[in-house]
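Student: Put the complex together from the two separate chains, hints included.
Sequences listed follow chains A and Z, in order.
Under my numbering, the first residue of the first sequence is numbered 1, with each subsequent residue one higher.
Under my numbering, the first residue of the second sequence is numbered 1, with each subsequent residue one higher.
The set of hints was computed from the structure by calculation and includes no laboratory data.
There are no misleading hints in this set.
Sample of chain Z residues lacking proximity to chain A, with all beta carbon distances greater than 10 Å (derived):
1. K51
2. G52
3. I58
4. E62
5. H88
6. R115
7. G118
8. K119
9. G145
10. A147
11. A158
12. D163
13. A192
14. A207
15. R283
16. E293
Here are the computed lysine to any residue pairs in the SDA-like style, where the Cα-Cα straight-line distance is at most 20 Å:
17. A:K278 <-> Z:F129
18. Z:K138 <-> A:A164
19. A:K278 <-> Z:N186
20. Z:K138 <-> A:T139
21. Z:K232 <-> A:D253
22. A:K234 <-> Z:D246
23. Z:K138 <-> A:R140
For clarity, every value in this text was computed on a predicted model and none was experimentally measured.
Don't be surprised by glycine CBs; every beta carbon is placed ideally from N, CA and C.
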Amino acid sequence: MFDSLSDRLGGILDRLKKRGALTEADVNEAMREVRRALIEADVALDVVRSFTDRVRSRAVGAEVVKSVTPGQMVVKIVNDELVAMLGSDAKPIDLDAAPPVPVLMVGLQGSGKTTSTAKIAKRLTERGNRKVLMASLDTRRPAAMEQLATLGRQVGVETLPIVAGQSAVQIARRAMDAGRLGGFDVVMLDTAGRVTLDEALMAEVAEVKAITRPHEVLLVADSLTGQDAVNTAKAFDERVGLTGIVLTRADGDGRGGAALSMRAVTGKPIKLLGTGEKMDALEDFDPRRVAGRILGMGDVVSLVEKA
Amino acid sequence: TRTASNLTTGITDLFTKKKLDAATLEDLEDILIRADLGVQTAENISAVVGKGRYEKDIDPEEVRALIAGEIEKTLAPVAVPLVFDSAHKPFVLLMVGVNGSGKTTTIGKVASKLRAEGKKVVLAAADTFRAAAIEQLKVWADRTGAAIVAREQGSDAAGVAFDAYAKAKAEGADVLIVDTAGRLQNRTELMAELEKVVRVLKKQEPAAPHAVVLVLDATVGQNALVQVEAFKRVAGVTGLVMTKLDGTARGGILVAIAAKHGLPVHLVGVGEGIDDLQPFAARDFARAIVGLE
Ligand SMILES: Nc1nc2c(ncn2[C@@H]2O[C@H](COP(=O)(O)OP(=O)(O)OP(=O)(O)O)[C@@H](O)[C@H]2O)c(=O)[nH]1
Ligand SMILES: Nc1nc2c(ncn2[C@@H]2O[C@H](COP(=O)(O)OP(=O)(O)OP(=O)(O)O)[C@@H](O)[C@H]2O)c(=O)[nH]1
Ligand SMILES: [Mg+2]
Ligand SMILES: [Mg+2]
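For reference, chain Z alone in the conformation it holds in the complex (with noise of 0.2 Å):
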């Protein structure tokens, strides 16, 4: 990948002269801000990785290694896979996030994942407002062979979770996910619409949603850290989904949202078919960053 490529060269030339200096730490920082680290995340990553080691003789591969081992630091305690607890009948996943991030393929590819363990899956189409957004769901319902309760376009989200929850409680179906309108995160008015689907469900079950995902897309910038934050007060977030991963982005502000909030990352998307969807692997996604691949 580029990212990768603009990695190798960059360290390759800084380490000509095989010693660890100040000038060297700071191209080591550019790295890493170009795959989103942002600064203060790879300030830390660079002194980290120089403490002790100033002035001394180090090679390329090794620098490679030592920043992809820090960023793996950060990232392993959240690598933690999404478990849908068969305590609860049915286990309610929100999916939640900005437009076009890739909430309902993923609700798709996760569907999938469901059937084939013999789950019985009910999808809620409680995107009311996007053109065609439930007709989109319905296929991958089709696809899956999950269930999906849907009104028409318009509707009250709200009433739609409602509708799924009765639904999926009394078929005995063991998850129901819930598919979202996209939002920006400072829209306060569809913020609000989204606390009210979580009021509605927790009305139902105390205890539901049991599993709040907000999916980031892969080629975002510093603004997923305000992201995090306001689906997080708004909706309660539980963990994470990265998508996109087969592009030329890297995702590397998840390094800095794991160093702030410490949030679960369950999985990452690696394309649009109904199997790009993979364990978030903490080592593969910081080997990926420094273009250890």
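Same shape as in the complex, but just chain A (with noise of 0.2 Å):
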């Protein structure tokens, strides 16, 4: 349903069939349709402003090389300016602290916290050879220790045993000396979903911040979040002080556009992303495909070759 970004501007600028440096008025007509695409592909509106700022004063008086067109030249700024903002290299989780390193998770709810934790523990277990323990804080939805506690056996990571009627306070604490008493390498918190509104879970979700002092906090969002994506990740940074993001359902055919947004709003690298909900569905965040996502292109790669 959406045409791919080569495709539009191939459309505009290939009309103009010239060749040399691009001029200001070819930029802003194709900035016209590189703000559409973004818009599209659910990039927040004032991230795609600043974007298009700065693609605009790199294109204007490109040359345009003989083996592309300006359409294509276009695009490879785009995608290239893109990458660089989403991050140019991967950047993994960091265990580089005294153990148990403490892993926080958060998020909204739904947005895929619990899975993303045993995944992640899985990982760390099976490829970083760490001994990790699994909490669940979620005292609020129905069935969520069970939960972790069925992925936990699943993936053969220890969970801290369930006791009723603990706050997420009081299980953090717990956590933590089981760690602590434990000899593990890392405790994994995984937390109750919360929309940022809600003062009372938002406080809740920094003490225990405050009392784990965790080396990472994730923020966990769905990649087919739309323009609320700053919003939510705005208000987690600004409350709980995140160190990375985890972009959950890569695996959709959504366009990705939060990505751009969460990464341009906190500064804080997308970490991983979530590609399924098997447990070994986590891959490395590589912000070329994240990019080509976004563009609604696969081609974009090999485009940039040629350029």
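Tutor: Right, here's the structure in full:
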């Protein structure tokens, strides 16, 4: 249903059929399409604006090389700028701290926190050879703790025994104690989903953070999120202080503009992508692939190589 | 809310000069885009609002009311309650949607309303995939006094739906609500599984499922349009529910969906509690989008 950006820009710029440097008029025309494409990809409007400003200043006066059309040239500049903004190199989860290293998972309801917690625990256990303990601090969602316990059994990672009636803060303390006593390398803290307007719950997670002093605070967010991505990312970052972002449901056919939005407003790296419901569906973030997705084209890479 | 305050300042800023011009209308579009209406729908609405009012003096409140009015016009026809026709016994409601959108919770809330009306309700735990999905639905069954039919995790979803229908029929239940696993609409094999659930229900009762409700999360962006298309095609969606409107997201994609598909929007979720479910009100929804609450 979406045209790729190169199709659109081709229509506009290739009509001009000229060579040499891109003029301001050419670029302005092109930026209108870029803006539209990014909004359709769910990039937040304010981010779209600063992005097109950056691209505009780079594109005006750029020489169009022989092997590509002006449209392809602009796509290349857009793509390069997107990759740069998304964060060029992968930032893995950092465990460089005294064990047990706490990792706190936060986010809106249903974003994929519990699933991602278990996936990350599995990866750290199998690839990183760490001894991981998982704890559910979700005292609200029906069967949330059972969900994490079931996943723990599936992936062979220990979970903190469930004690009914404890608050999230009490569970967090117990988890850290168990982590120390049990000689664990990492303690993964899964929290209940919360909307950022819920003052009581935002205060709760801030308190959990203060007590556990996590080395990583990961915002788990749905890559199908629309314009609200900026509000959510900003609110969690301001209130809890994030160290990174995990984007789930990257196996969907969404264009994933939320990645750019959240990266742009928080400056925090996107560390991992969730690419399915199964426990091994977790991938390192690759800005080139995500940029291609946002632009609605799988062929960006080859195009860029040509240019 | 954040959206509301953006809108308010946006519009007040625009109209210090109090003349409606192209730049003003473009800013107005931006406001709608920020609420996830999408470029096309935003352009359409601002065009209608601008028509015949160019260069006319107009105050900010008036413009807001005009936009809200336009949105309301699109939404009013789709604000249709979910009716459980008692001619069908049991009336079969199938809940579908992408992962984590709020299907199971909404089932709990709907069951609670039905139980309060004295209806006999059976829940089918046909999400046999997700960890503890069955336990989650069981909690809702206990809370609402609904019966539940479940098999162990990993068993065939259509089989559970089959059993549940048989039980609901035999016991004279009024309503059967089938919970399904979340699935992304581009996952062909999972969509085929959903198709099978529908097929199995139809085998027992050709008119079933009598309602197929797609649950959309208010934070979702433009992908919701694709979700609606795919679930409509595969499962014959008859209506929508939008959840999580208690957050900062306004769910403006519903306006684009209404314009394109005209599917009924039955209910909205405004929290995690059992009573946090409201009828969809076109006027309130439209006014919230433009910050008139
Ligand atoms: N397709 C897909 N589904 C995912 C992914 N990550 C999580 N899910 C699914 O999304 C749904 C919600 O995941 P959860 O892990 O329960 O989300 P949560 O954030 O813990 O939810 P709450 O605790 O209720 O706030 C489940 O159906 C998961 O299987 C992903 O990367 N891809
Ligand atoms: N704030 C808020 N949270 C909601 C609402 N509806 C559901 N939730 C929460 O969203 C999360 C996901 O809800 P579920 O009902 O498990 O979603 P689901 O679609 O059944 O998820 P899967 O079965 O994993 O695909 C849970 O934490 C719910 O409590 C709502 O209207 N507002
Ligand atoms: Mg969870
Ligand atoms: Mg469910």
